[in-house]
Amino acid sequence: MAAHIAVKKGTFLAEVIEATPDGERLVHCLQCGSCGGSCPSGAEMEYTPRTLIAMINAGDRNAVLAANTMWACVSCYACTTRCPQEIPITDIIYCLKRMSIAEHRYHGTDAPALAKTFTYFVEKFGRSYEAGLATGYHLLQRWKPIELMKMGPMGIQMFARGRMAILPAKIRQIDQLRAIIKKSEELSKK
Amino acid sequence: MKYAYYPGCSLECNASAYDHSVRAVADLLGVKLQELDDWNCCGATEYFSQNELTACAVIARNLALVDPQIQQLVAPCAACYLNLKKTDRLMAEHAELGAKVNECLAAGGLHYDPGRVTVRHMLDVIVDDIGETAVRDKVVRPLTGLKVAPYYGCQVVRPIVDGDSTEYPMKMDHLFQWLGAEVVDYPVKAHCCGGHMTQISEPQAFELIRRLLKCAADNGADMILCMCPMCQLNLDGYQARVNSYFGTSYNLPIIYFTQLLGVAFGIDPKKLGFGKELVAGLPVLQAKLNGQTAGV
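Sequences listed follow chains S and U, in order. For the first sequence, the working numbering gives the first residue as 1, with consecutive numbering after it. For the second sequence, the working numbering gives the first residue as 191, with consecutive numbering after it.
The shape of chain S in the complex, shown without the other chains (with noise of 0.2 Å):
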């Protein structure tokens, strides 16, 4: 395996490179598609990983961040485990999903609201809640009334036994969790 392989600065292959653990394997794709013929939901995306990888080395930088690819990625590593390379494909895609969320770049997906409206509420209890997450991401986020509707006998047996608390539950230190997450903002600015 080549030990070096240079990777031009001020590229978007660079950028990933840089913003993903282990994100240097990437110049090791030998455009086998194993991640491609892996995944689970290849059928559902516009690219499979393995073109998207391709995009990344053409610097399609527009083209990847658009892509619905990381909103149809159930992160469930059969690529990853499976790439003869040790590409971490699963983390490249996780790094791509920041990349687009932070510049708005997503279409025709609901996976960012239901990501922000799961972390509003870990930093508001320090805990995740149902309750909350389905109304709150159904109603406000992305206004699918009916959808909430849907799930409105699941949710009734999920109550009738149990299994869905109406009041959130709450850690202690609520101010430390939100100090330490508070601090990861700052350090991510820099």
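Since the hints were derived computationally from the structure, they do not count as laboratory data. Please read these numbers as outputs of a predicted model, since none were measured by experiment. A portion of the hints provided could be inaccurate.
Said to hold, decoys possible - To spell it out: a stretch of chain S is covered by chain U in this simulated footprint if at least three of its residues, at any positions, have a beta carbon under 8 Å from a beta carbon of chain U; those stretches are:
hint: 1; region: 69 to 78
hint: 2; region: 104 to 116
Claimed, not checked - Residues from chain U that keep clear of chain S, each with C-beta distances beyond 12 Å, as calculated:
hint: 3; residue: GLY220
hint: 4; residue: ARG251
hint: 5; residue: ASP257
hint: 6; residue: PRO258
hint: 7; residue: GLN262
hint: 8; residue: ASP303
hint: 9; residue: ASP318
hint: 10; residue: GLY321
hint: 11; residue: ASP327
hint: 12; residue: LYS337
hint: 13; residue: GLN345
hint: 14; residue: VAL347
hint: 15; residue: VAL351
hint: 16; residue: PRO393
hint: 17; residue: PHE455
Backbone N, C-alpha and C define an ideal beta-carbon position, used for all residues, glycine too.
For this one, chain S is given, so just place chain U on it according to the hints.
Leaving out everything else, chain U in the frame of chain S:
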């Protein structure tokens, strides 16, 4: 054996059957679980989609809270397990990131040295630490006559697996063979349940759920055993909607592996959280284990 215990948010309510059965089985096996005091949510996959440093810092707070006298932390939820394990590894292998995470923790008066805690899944603790002999010794109601489909899902076996296969794991298969069950060999046992996709794109999630139900049913399973609250919710909670979406009529109970383990150990099913699942598990157990399980 003493372990720190991280239940995770799902096990507090939605997956309380998992929490109760983990605790009951651990108690019987002499595994001491000490719940992490004031633990916080692991963030599931949702922080990693927004900010990697925040994701790691939120997770690392839990690692930092582990009692200094305890080396191992048990997490039954697949997402919690992977997040804790992955963050420990990221901090160890990427010193710059590790230092930044500790800078965040310091804002809350905490510190974590990567490698200090070993993160374990409950299945690995039972199969590897307790082992076959001790497990067999506790069986009072063999599961003879019951066909089970062990379902591993994704994040316990990928990307970091603890002494098993990422493609075709066997640990849960072995465990239930020890208990006398007939273990169904079905090819999708480590395929994805759709994860949070039920909330984002139902057609995509429902297709993944359908494949699992179909494959387990086609191979003769009486029930599916799972080890993750997300998998349980998708396969059990959405089973009726998947049936109406595809015009199918699957009626497969989705039970936490620790619940059935508890049954084999003779623990009262009520203490194992039976009855919380939408597709009822006990009637199937009664029908299949009839004659030898008067208490079930």
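Worksheet item: Once the closest CB in chain S is found, is it more than 12 Å from GLN262(U)?
Response: Holds: least Cβ distance 22 Å, greater than 12 Å.
Item to complete: Given that the region 69 to 78 of chain S was listed as covered by chain U, double-check it with a C-beta distance under 8 Å for 3 or more residues.
Response: As far as the region 69 to 78 of chain S goes, the hint holds, because 7 residues have Cβ atoms under 8 Å from chain U.
Worksheet entry | Non-interface claim for PRO258(U), where every Cβ of chain S lies beyond 12 Å | PRO258(U) clear of chain S: closest Cβ-Cβ about 18 Å, beyond 12 Å.
Worksheet entry | Assertion that ASP318(U) lies farther than 12 Å from chain S (Cβ) | The claim holds: ASP318(U) sits with its nearest Cβ about 20 Å from chain S, beyond 12 Å.
Fill in: Cβ separation check - VAL351(U) to all of chain S, threshold 12 Å
Nearest chain S Cβ is 8 Å from VAL351(U), so the label is violated.
Worksheet item: Would ASP327(U) pass as off the interface with chain S, using Cβ distances and a cut of 12 Å?
Response: Its Cβ never comes within 12 Å of chain S, the nearest being 33 Å, so this holds.
Worksheet item: In terms of Cβ atoms, is chain S entirely out of 12 Å range of PHE455(U)?
Response: holds (24 Å)
Worksheet item: Does the no-contact call for VAL347(U) survive, Cβ to all of chain S over 12 Å?
Response: violated (9 Å)
Worksheet item: Minimum Cβ separation between GLY321(U) and chain S greater than 12 Å?
Response: holds (27 Å)
Discussion item. So is the region 104 to 116 of chain S in contact with chain U by the C-beta rule, three or more residues under 8 Å, or is the coverage claim wrong?
Written reply: Since three or more residues must qualify, the claim that chain U covers the region 104 to 116 of chain S holds, with 7 doing so at under 8 Å.
Worksheet item: Taking the minimum C-beta separation from GLN345(U) to chain S, is that value above 12 Å?
Response: violated (7 Å)
Fill in: Assertion that ASP303(U) lies farther than 12 Å from chain S (Cβ)
holds (17 Å)
When held up to the earlier numbered hints, the structure conflicts with 4, 13, 14, 15 and 16 and fits the remainder.
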